[in-house]
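Colleague: Sequence:
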Amino acid sequence: MGELRNATFDVLTKGRELAQKNNARLTAIIIGHNIGPLGEELAYYADEVLVYDDYKVKEFHSEYYRQVLLQIILDRKPEVILIPHTSYGLELAPSLAVELNAPIVTDVLEISFENGIFTAIREYFGGKLKAKIVLRESPHYIVTIRTGVSKSEKNESKGQITKIQNLYLVDMSYKRVIKLIKPPPETVNITSADIIVAVGRGIGDVKNLPLIEELSSVIGGVIACSRPVVDMKWLPKERLVGLSGKIVKPKLYLAIGISGQFYHVYGMMNSELIVAMNKDPNAPIFNVADYGIVGDLFEILPQLINKIKEFKGRLK
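So the sequence shown is numbered by our numbering: it starts at 114 and just counts up by one.
Hints are not guaranteed to be accurate.
[Unchecked claim] Below are the EDC-like pairs computed for lysine to aspartate or glutamate, each with C-alpha atoms no more than 20 Å apart in a straight line:
1) Lys288 / Glu204
2) Lys292 / Glu172
3) Lys276 / Glu385
4) Lys422 / Glu326
5) Lys169 / Asp284
6) Lys288 / Asp409
7) Lys364 / Asp403
8) Lys276 / Glu154
9) Lys171 / Asp284
10) Lys241 / Glu266
11) Lys420 / Asp409
12) Lys276 / Glu412
13) Lys245 / Glu204
14) Lys267 / Glu192
15) Lys320 / Glu412
16) Lys425 / Asp284
17) Lys292 / Glu412
18) Lys171 / Glu154
19) Lys134 / Glu266
20) Lys243 / Glu266
These are computed hints drawn from the structure, not numbers from a lab.
Given the sequences, and given the hints that come with them, work out the whole structure.
Modeller: Okay, structure coming up:
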């Protein structure tokens, strides 16, 4: 048995918002093997959880998943089908849309019904343009939801759990899962951090990272970075935040020496509190920051670290 990913809760939160606005029920579907406890966990995020447990779907297989979902959709007739915008979701959603002859829109930020017409908001050109997509009328709409755009909200009451049985799955000899190769474990998972100290090329040199590490240690954070830092091999790619890296939403995002190009902002704009430090008062990062500090980082950071240590010392 695996674990539920953050993307699952992101989708359920968007589903809950849409359901409440349209006086509808939210149903979650979980597919896998020996997944009873995961279904119990999901029940606090939906009105009903449909659990399909079968050894054939122990590992993700887009063809089997498509067959399972198709049979459930034809039986339950949901109007909107939400799928996480992940590699799995992008493999599954288009084939499901073809089977249902349903309109599909991917990488969506917001969804709504406006006078009975289903609309979605998504970005283009790396976040420089937002567009409203109006979908043709259909019994079903399929949407992949971008991860990291909403905060998970657990219900006080537990939803109903329904076990789905007796589905017919056609064997797919032309497509098989031969072996699951997992990537090497990451030393730090920045997506689950409450406090992130992110650095850009503005720190000047890799030799200045110890100062950043000291600040991160003092405030209980983890270190992340922008693309130039990875390109210069100062930090590994697992620390990258942005369009080609991770999407994060910590309680505090401290951006140090980061200019704030759109491909970085894309990955951190939903942080609860953003504090930016940069010597350039016109740096784009200040457009998304809640608080900004303009000045020399190497004058500001030692003072900040000392003040935090003094404050923590008084609390002991």
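Colleague: Compare the structure with each hint and give your call.
Modeller: Verification of the hints:
1. A threshold of 20 Å between alpha carbons decides the hint, and for Lys288 with Glu204 the separation of about 13 Å falls inside it, so the pair holds.
2. Restraint check for Lys292 and Glu172: the C-alpha separation of about 10 Å stays at or below 20 Å, so the hint holds.
3. Taking the CA atoms of Lys276 and Glu385, the gap is near 37 Å; set against the 20 Å cutoff, the hint is violated.
4. Distance hint between Lys422 and Glu326 is fulfilled; the C-alpha atoms sit about 14 Å from each other, no more than 20 Å.
5. With a C-alpha separation of about 9 Å, the suggested pairing of Lys169 with Asp284 holds against the 20 Å cut-off.
6. A C-alpha spacing of about 57 Å is found between Lys288 and Asp409, which places the hinted pair above 20 Å, so the restraint is violated.
7. Pair hint Lys364 plus Asp403 holds up; C-alpha atoms about 12 Å apart against a cutoff of 20 Å.
8. For the hint pairing Lys276 with Glu154, the CA-to-CA distance comes to about 15 Å; that is within 20 Å, so the pair holds.
9. About 15 Å separates the Cα atoms of Lys171 and Asp284, which keeps this hinted pair within 20 Å; it holds.
10. A hinted pair counts as satisfied when its Cα atoms are at most 20 Å apart, and Lys241 with Glu266 does not qualify at roughly 29 Å.
11. Annotation: proposed proximity of Lys420 to Asp409 holds, straight-line Cα distance about 17 Å (limit 20 Å).
12. Simply put, Lys276 and Glu412 have alpha-carbon atoms about 61 Å apart, too far for the 20 Å limit, and the pair is violated.
13. The straight-line distance between the Cα atoms of Lys245 and Glu204 is roughly 24 Å, outside the 20 Å bound, and the hint therefore fails.
14. Restraint check for Lys267 and Glu192: not satisfied, since their Cα atoms lie roughly 23 Å apart, outside the 20 Å limit.
15. Note on Lys320 and Glu412: the hinted pairing holds, with a Cα-Cα distance of about 16 Å set against a maximum of 20 Å.
16. This hinted pair does not check out: Lys425 and Asp284 have alpha carbons roughly 62 Å apart, beyond 20 Å.
17. For a cut-off of 20 Å, the pair hint linking Lys292 to Glu412 is broken: about 53 Å separates their Cα positions.
18. Restraint check for Lys171 and Glu154: the C-alpha separation of about 18 Å stays at or below 20 Å, so the hint holds.
19. At roughly 16 Å between alpha-carbon atoms, Lys134 and Glu266 fall within 20 Å of each other, so this suggested pair holds.
20. Distance check on the hinted pair: Lys243 and Glu266 sit about 26 Å apart at the alpha-carbon level, beyond 20 Å; violated.
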